[in-house]
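S.K.: Here the protein sequences line up with chains Z and E, keeping their order.
Position 162 of the first sequence, counted from 1, bears residue number 162 in our numbering, the numbering being contiguous throughout.
Position 29 of the second sequence, counted from 1, bears residue number 29 in our numbering, the numbering being contiguous throughout.
Keep in mind the hints are simulated off the structure, nothing from the lab.
Treat the hints with caution; some may be incorrect.
[Claimed, not checked] Quick partial rundown of chain E residues pointing at chain Z, CB under 8 Å, derived from the structure:
hint, residue
1, S17
2, W19
3, R21
4, V22
[To be verified] Among chain Z residues calculated to face chain E with C-beta under 8 Å, some are:
hint, residue
5, R75
6, G345
7, T477
8, P665
Keep in mind it's a predicted model, so treat the numbers as computed, not measured.
Each residue gets a CB set at the ideal place from its N, CA and C atoms; glycine is no exception.
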Amino acid sequence: MMRKLSGVVLAVVGAFAVGGLALHRHEPINSLWMVTAAVCCYLLGYRFYAAWIATRVLLVDRSRATPAERLNNGRDFVPTHRAIVFGHHFAAIAGPGPLVGPTLAAQFGYLPGTLWILVGAVVGGCVQDMTILLLSTRRDGRSLGQMARDELGPLGGFAALIGTLLILIVLAAVLGLVVVNAMKHSPWATSTVSATIPVAILVGLYLRLWRPGRVLEGSLIGVTLVVLGVLAGGWIDHQPTLRTWFDYAALPLAGAVVVYVWLAATLPVWLLLAPRDYLSTFLKLGIVAMLAIAIVVTHPQIRMPAVTQFIDGSGPLFGGKVFPFVFITIACGAISGFHALVSSGTTPKLITNEADVRLVGYGSMALESFVAIMAMIAATLLDPGVYFAINSGAGVVGSAPEIAVHTISGWGFPVTVEQMRSLAAAMGEQTLFARTGGAPSLAVGMASIFGNSFGRGLLAVWYHFAIMFEVVFILTTLDAGTRVGRFILQDLLGHAWAPLGRTSWYPSVLFASTLLVGAWGYFLYVGVIDPNGGVNILWPLFGIANQMLAAIALSVATGIIIKSGRRRYALVTLVPLAWLAVVTSTAAWQKITSPDPHIGFLAAAADLAAKLATGALTAERAAVAPQLIFNQRLDAALTMLFTALLWLVILDMARVCLRRVRGLPLRSSSEAAYRESRLPGTALAGN
Amino acid sequence: MRRAANLLRAPGHGLHSLWERVRVLWHGLRTATGDDAYERYCAHQRRHHPHEPLMSRRVFCAEATGRKWNGVSRCC
């Protein structure tokens, strides 16, 4: 009775908050509306939809022994309390995507992005994560690629593998670009981030040689040193000669990021990658909690309009109409194919009871989506004029501050050079114009939230703390992503020449790492030399790739559900799959064929080629134009490849389903046989 | 661990139970971060394979780190 009553109360409050958000116009709205709407949506989704899916669609069986119990070896297969698995899983899926995506999508106004974050997570992302987690748990923790191969066929498995490799390359390039733009000509940020490398190595040595496995001690030392590094960076910034050692343009910084990640990917993991991950996980969880508290305490007003004129496709951050591009841009905060890789890896080996997948799979993604809502709040509480001045590339609004503010004010978002100058001074930066990539504007938003709740005098420290947090976070994803990509590449290369497939043979490690880092380093390089900022090209490409991977995961899930004979329940994964297929295909189609050079890759290449031929470009731009033209064409080819892979998997899934409907023979299910759980308390009814 | 979580919810009596709760939280934190992974491994081996030799702490931790980073353990 109480459960039903609280459900009704949640539904009423949630409907009120979502309605308030959607209908509110022409005056600032408070961010608490967004927080309330989000929390109600997640709780309702978790309590009703997730519970229904678990019992009716996935047939979660509390009495069935999980691989953690059956294969318990005290090492990777370990039955673990669900609260702890939740923590592990959330720490694994939470990356920089939900911070950057909503920041960029805010160019459409706060409403389109917020609605998709909520709807996409509740009926898409959370469902995908929970379903893949259960399917993998039933198959002894097999990976998405293996499940695709086992259940659909070699074609589906191969497409999933190639898709993963490509998404890793694009992801690394765009995240590298975000890092570069956050650090360029900022001695404070660059010195702070540089300091995290020796700190990570120190923690690595501590955990390996001096106090093996004492994770808490090592992390505490590391986090303290990193925070001191932020303060030291402020001191360095005030030293006239010292600061020049850390003052770099974008190109040398990009080179440094490439060399650093190559080292991190080839050095032993315990030295740099693993200890950096401990630091970034602690910072990440701490900052997410701090941000949530600060937003509730200060409940700032949202200054961005609900919907801006840029829904027509003329946005300065990236081109394209609100449909389909808001869905591509939000990416991980609503649904992320990458999560399917984590949900079918480490996590299933820790699940004590099948019933835990609701909290771990659905719950973690709901929390991740809430992080995206907080990023949206941090972006939209800024003056819209300031937001556009920070996030628009110099090629769009002009490189001189006077011209940029004139252009942006002309859009109806007033901003002055003086306002930007004093904001930059308050944040301890020289300029905040054209700091594309989302990280600086997010850091300004976070600094103003933290400044209002934990001390306003420290704005510059908060800003650089936020930048350091974002960069450390991103570098961990880059390191780990490059490593995973290297494994996939070695797996593929092993087919050509067997020794190349050996993941511990050093020549092969060096060769595959160089190949992979070179591939994303190329895209990073082009992004850096692109006067429009590069993010406008790379982020949509990443969004398409990520949503494509989600569609592949949902295809595998749909195929398995239909194979198991519960056809009518397949809509649970089929509806988000159909939506993603429509969204990614439309976006890909527009990115390839649109005649608007602002949107279409080929149109942009043709436009640039025409300008180059008629001599309409400045000498500086003419020098890089041939590379940009080639790159735009390459991006078009890559988008075609993504779309082809997506439809390959969908058709493979449809083939399997059709055989099932016609009663033709199929690959047998790869599910592990039922064994009754002997753990105490697992057969209890209810949840 | 399930017992530990129940302890957190149980109504307490004075200092003794406060101490108990701090202890439970501390254990939860250690498990969540992997700080006590080696102790849990030792306990597992003692219970299920008492005659097999135990790995040293250093070897166990090195192996655990290698295993963790051989798959997808971080996301975007």
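S.K.: All hints are to be evaluated individually against the structure, with a verdict given for each.
M.R.: The hints, checked one at a time:
Look at S17/E: its Cβ only gets to about 20 Å from chain Z, farther than 8 Å, so that hint breaks. Interface restraint check: W19/E against chain Z, minimum CB-CB distance 20 Å, threshold 8 Å, status violated. The beta carbon of R21/E comes no nearer than 15 Å to any beta carbon in chain Z, farther than 8 Å, and the hint placing it at the interface is violated. A hinted interface residue such as V22/E counts as satisfied when its beta carbon comes closer than 8 Å to some beta carbon of chain Z; here the least separation is about 15 Å, so the hint is violated.
Because the beta carbon of R75/Z sits about 6 Å from the nearest beta carbon in chain E, less than 8 Å, this interface hint is met. Using the Cβ-Cβ criterion of 8 Å, the hint placing G345/Z at the interface with chain E is satisfied: the shortest such distance is roughly 5 Å. Because the smallest distance between the Cβ of T477/Z and any Cβ of chain E comes to about 6 Å, under 8 Å, the interface hint for this residue holds. Because the smallest distance between the Cβ of P665/Z and any Cβ of chain E comes to about 33 Å, over 8 Å, the interface hint for this residue is violated.
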